[in-house]
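Novice: Residues per chain, in single letters:
2 protein chains.
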Amino acid sequence: MHVLITGAAGMIGRKLTERLVREDGLNGQAIDKLTLTDIVKPAAPAGYTGKVKAYAADIADTKQSAKMVSERPDVIFHLASIVSGEAELEFDKGYRINLIGMLGLIEAVRRTGEDYHPKFVFTSSVAVFGAPFPHSIPDEFHLTPLTSYGTQKGICELLLADYTRKGFLDGVGIRLPTICVRPGKPNKAASGFFSGIIREPLAGVEAILPVSESVRHTHATPQSAVGFLIHAAGLTKEQLGHRLNLTMPGVNVTVGEQIESLRRVAGDKVASRIRREPDELIMRVVGGWAERVDAKRARELGFKAEDSFDDIIRTHIDEELGGNIAA
Amino acid sequence: MHVLITGAAGMIGRKLTERLVREDGLNGQAIDKLTLTDIVKPAAPAGYTGKVKAYAADIADTKQSAKMVSERPDVIFHLASIVSGEAELEFDKGYRINLIGMLGLIEAVRRTGEDYHPKFVFTSSVAVFGAPFPHSIPDEFHLTPLTSYGTQKGICELLLADYTRKGFLDGVGIRLPTICVRPGKPNKAASGFFSGIIREPLAGVEAILPVSESVRHTHATPQSAVGFLIHAAGLTKEQLGHRLNLTMPGVNVTVGEQIESLRRVAGDKVASRIRREPDELIMRVVGGWAERVDAKRARELGFKAEDSFDDIIRTHIDEELGGNIAA
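As you go down the protein sequences, you meet chains A and B in turn.
Each residue of the first sequence is one higher than the last, beginning at 1 in full-length UniProt numbering.
Each residue of the second sequence is one higher than the last, beginning at 1 in full-length UniProt numbering.
Interface residues of chain A toward chain B, partial, derived using beta-carbon atoms under 7 Å:
#: 1; residue: Glu140
#: 2; residue: Thr144
#: 3; residue: Leu158
Hint data in this document are derived by calculation from the structure and do not stem from the laboratory.
Backbone N, C-alpha and C fix where the C-beta goes; we use that ideal spot for every residue, glycine too.
Construct the entire structure; sequences and hints are all you get.
Specialist: Right under this line is the structure:
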C-alpha cells in the first residue's frame, strides 16, 4: 500500500507518520511506500523500511499536486492547510492553499485515470459551524462559518462529497474539534489558551487565561486526532453513504472543569500556575465558536475520543512529558 | 442606479429586466443604467429610456467578469448558471460556469476597489438539499446536495457569506423552489413534468406524467421568483446578519393536488389531457429532491409566494396565455 500525506511536516502529520511506521501499516495493511509533502521538506520517519519520498511542495501549484498523485497512492491524507488565524489575516493565501490547493489535488486525482479512485481523508474542522447554536450541534446542522478558514473547509467538504458521488475518489471528511493538549510553544491563536493552561503549568511555567471559566468547548488529544484519521481511512463507501463529512467526538468541558481536572491529576501547585487576565477580543472570538457537538454519527461509526479531560491531561503527560510533571 | 444582470437572456433574467423597466426602478430607486450579459447577447428591453449595455460574455472568463463590474454597478443580480441536468452531464462545464464563474465575478468586485461594495443577489436553489429529509426542511438544515449543480450552488452560498462578512460586497442568496409554470417548450429536465402537466393541457396539448400523484413538491411562479430577487435587493445587511442564504417559500402540493387544481381552474376537459406513463429513472431522481421547506426566515423577512396552486395556474393563464385556455 502507498500512502500520501500532505502537510506531513505539521504536528498532526508527524504524529500520523510516526504511528503508521510504528504500527507498520494502516488498519492492518502493510505500507510499502510513503509520500510525504509539505511547504517545508518533512523529515523521513526513523525506523521505516519501506520506500519514502519526502519533499517540499506547494499544494496550490497544480504541477506539484499532479506530481503527488502521479504514482497513484492508495490512500491520501490531505492535512495541508493554512490555519484559522492566518487565513483570516491573509485572505488570498487562505483561499489559495485551503481551497485552490484542495481543488488542484482532487482534480489531479480525477485526471490521473478512470481506474484510479484513492481513499481520500480530508481534515475539516468544527470551524465550519458559526454561532448562534442550539444547546448541542446536531449532525444535520447547517454550515454558517464565521471565518474564511471555516468557509474554505466547508467548501472542501462539499467538493469532497461531489467528487465521491461522481466516483472520482472515495472521500471522507472529519471535522476535528480543538486539539488539546497541543504540544510545543504557546502560539497566538485565539484558541491557544485551551492548551496553554494545561501545558505551561505542567512544565512549571505560568499560563494566562484570557476568558471566563464558564467558557465551554470540545477537545480531543493529538493522539485521538491521529486515531480519527486512521479510522476514517478504514471506513467503506457503504458505511459512509452520501453524508461523508463527519463531526468528530471529543470531551466537552468548561475551562473551570479543565482547571479542576488539572488540579486532580497534577495537584494544587501546578493548577495555581494560571493567571486570569481577561482579553475582550479573545472572549468575543471564542464566543462565536461551537461549544457542544453531538457527533452521534461519528460515534456510531466507531470514532473514539477520550472519556474525560483527566485522560486528556494524562495522555499529554505520558506522551509528551515522559511521565514527568514540573513540581 | 446602475444594475447588472448576468444570465439576462434566460427566462428569469428577461422577466426581471422587463419588470425593472416596467416599474422604472428597483424598490423605488430609479435605474439610469442597465448592464445585461449572457452567453448570448440579451435583447435590449423595449421602452427603457436609460442607458443599456447588452452584450454576450463568458462569465467564467475573468477578463469578461472584470469588464462587467468595471463601471461599478450598484446592484448585481447574478443569474448566470448551467442548469442542473447539464451540470450533471458536463462536469467540467458545470464547475467552470457555476463555481469558477461566481468566483471570478466576486473577485472582480473585490479587486475593483476598497470603496466598492455592491448589493449582490445570488440565485441559489433548493438543490443544495439532498435526501433523506425531515418532514419539512428547516432553515438550519445542512447542505448535502446530490447533484454537482447543488454542490456548486452550496459552494457559492459559502463564498457569498464570506465575501460579505469581509465587507467586499453586500450579499444575499435566495434558494429558489421549482419554478412552475415555466413558460415555453417542454424540456428534458427531470423536473419538467411539474410545469408540463399544467402548461400543455392549457395549450390543448397532451402532457405526460412520469411519476405517481403522491409526489410532493414546492413551487413558485416565475413572477414570484422575480419578486424574490427584487425583495432580496432591498434587504439591509442588518436584516440579513451572517445567515444571508435564504430558502424561499412556495406552494407545497402533491402532483394529485396540482391536477385537482387544474381541474378547478380550467375544467375536466383540460385536466383530462394528462397521460400517466411512469418512468423509473425520473421517479428515482425526483425521490431525492426536497418536498417541503419551512422557509420561516424568508417569510419573516417579507418574501411572498402564491397562496395556492390555483393562483399559480391563474398567473400562468393571465401572464403567458393572455387569459385564454384551449377548450
